[in-house]
Amino acid sequence: MLFLSLPMRSVIQKISICILCVGIVVWLIGGAKKGFYVSTEERPQLDPITEIEYTETHSKFLPGVESLAIGVLLGGFLFLGSFLFSKTSQN
Amino acid sequence: MLMNKLSIVFIAGVLTSQLSGSPISFDFADPKGVNTINFNLDAPLESINGNAKGVSGRVRFDAQAPLATKGTIDLDVSTLHVANPRMKSHMLGKQWMDVENHPDIQFIVNGLRNVKTTGNITTAEVVGELTIKGVTRQVSAQTTLTYLKGKLKARMGPRGADGDLLVLRTKFYVSRSDFGINAGQNEERVAEEIEISLSIAGQAPY
Numbered sequence: 001m002l003f004l005s006l007p008m009r010s011v012i013q014k015i016s017i018c019i020l021c022v023g024i025v026v027w028l029i030g031g032a033k034k035g036f037y038v039s040t041e042e043r044p045q046l047d048p049i050t051e052i053e054y055t056e057t058h059s060k061f062l063p064g065v066e067s068l069a070i071g072v073l074l075g076g077f078l079f080l081g082s083f084l085f086s087k088t089s090q091n
Numbered sequence: 001m002l003m004n005k006l007s008i009v010f011i012a013g014v015l016t017s018q019l020s021g022s023p024i025s026f027d028f029a030d031p032k033g034v035n036t037i038n039f040n041l042d043a044p045l046e047s048i049n050g051n052a053k054g055v056s057g058r059v060r061f062d063a064q065a066p067l068a069t070k071g072t073i074d075l076d077v078s079t080l081h082v083a084n085p086r087m088k089s090h091m092l093g094k095q096w097m098d099v100e101n102h103p104d105i106q107f108i109v110n111g112l113r114n115v116k117t118t119g120n121i122t123t124a125e126v127v128g129e130l131t132i133k134g135v136t137r138q139v140s141a142q143t144t145l146t147y148l149k150g151k152l153k154a155r156m157g158p159r160g161a162d163g164d165l166l167v168l169r170t171k172f173y174v175s176r177s178d179f180g181i182n183a184g185q186n187e188e189r190v191a192e193e194i195e196i197s198l199s200i201a202g203q204a205p206y
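If you're matching them up, the sequences are chains R and S in order.
The first sequence: position 32 = 32 (my numbering), numbered continuously.
The second sequence: position 159 = 159 (my numbering), numbered continuously.
Distance condition first, Cα-Cα at most 30 Å in a straight line; then the derived DSSO-like pairs of lysine-lysine:
1. K88/S with K33/R
2. K32/S with K70/S
3. K94/S with K34/R
4. K34/R with K53/S
Derived from the structure by calculation, the hints contain no laboratory data.
With the rest of the complex left out, here is chain S (with noise of 0.2 Å):
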């Protein structure tokens, strides 16, 4: 009787489980080294465009609840990358990005707002916090969470492992002056405004 109670409980629970799903953990650190995180800053006599690729972190994602959403997001400084060396250099350098001291940009997702989901594609306002050179501010972005189950052998080949692949695909603005980035100087070679985009794939291996 014991026995029959015990059973009735614990198909229950997996029903139950079953239905409402549980958060899969993404891993973003992209082994195919597609992950790339691209930055614009259009100033009057000069447009910059770059891009990132050293990126990593990981994202609890259920598509059942995505209001759930959670994670963290890093970005490698040092993988910042403009074609022309001396910029680069500049770049990296104690006065703009001064990746001596500050090796890492962080994204914390705390939640999603406004959640449509169609299929297996949501859209949200992703609200986090971003620190950059130590300075941390609130952002939001509208973004698309595109939840590939199963693709992740397809994806990396024969020799991969089977799992669920996440896909974001987000722009948003941040301004110089609220990071701290040489505030206020060269405006018009380097714009204060920075167009941030991305598109980057998470993997989870069952």
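Extracted from the complex, chain R is given alone in its bound form (with noise of 0.2 Å):
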């Protein structure tokens, strides 16, 4: 029983720290936004006889707020629950 024999706390934490990391990096790449995910980004054009400046809507997923949110609180949780094993294996 390789799984019983590994430090289980040990294992949580670090599951829970990657869980955390994620979450911050794939908030990072989303544009650290406060605001929640998006579906749409807008692109600049310019109308080149009037010279009214407009967006074009394009489909592009971005994360939000959210990923961090989720990273933090499921890390925490993963990383609050490792307490519950002991710290050495069961062997």
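Both chains are given apart, each in its own frame, so use the hints to dock them into the complex.
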């Protein structure tokens, strides 16, 4: 039983830190927005005759603050939950 | 003799109309899809930006007599767009814009004040009535009107008709509470003051 022979607390803590880091990285990739995820992006255009600046809407998924929140909450719960396990392996 | 008199009257009439000009009716339903109204709500916790492309309406404008400008600009509320689909669904829902019962926003141009014209550009305070969610309020907005004579074909391409263009640019503010847009609720995330800016082109084929 390799699984039980591992020091569970340490493993869970490492997983929780990974989840936290993934959440932060995904949030940063999405532009570190304060708002929620978006599914469209506005690209600026210029109408040459009228000189009107307008935008064209294109589909694009960009993660928002949810990814940070999920990373922090899930990572935090797992980290706290790790203390339910003993520090050393069961063998 | 009678014919001579009639000819003089006709020529005088033509000259008068040429000198004074006459209002041109510009159609703001833009086939190029450029006409956009942008809105911005900057609340303490969240900034919401969006736009709407469902612009239509007509404005009668005379470059020689801009004070007499009249018309209507309509906006199809269902074209209001924000980048987050959940937020868009809420925005169009009953609690906020209630698109089912109030599908249009309308601005009726009653006239212009403080008009200044330089070349083909007129700046003025546009005075009119703005109707959102069935509530009508008097609104005035500093506006730039650019009259582009004979530029319609250049804009629409070789298959387009000859004609004129009128470009309106303005920015003004409205309050959610004035128009019953979920007044007093969620103000930490949805600002009370809405900044509305628009740059729209109307066309008048010959």
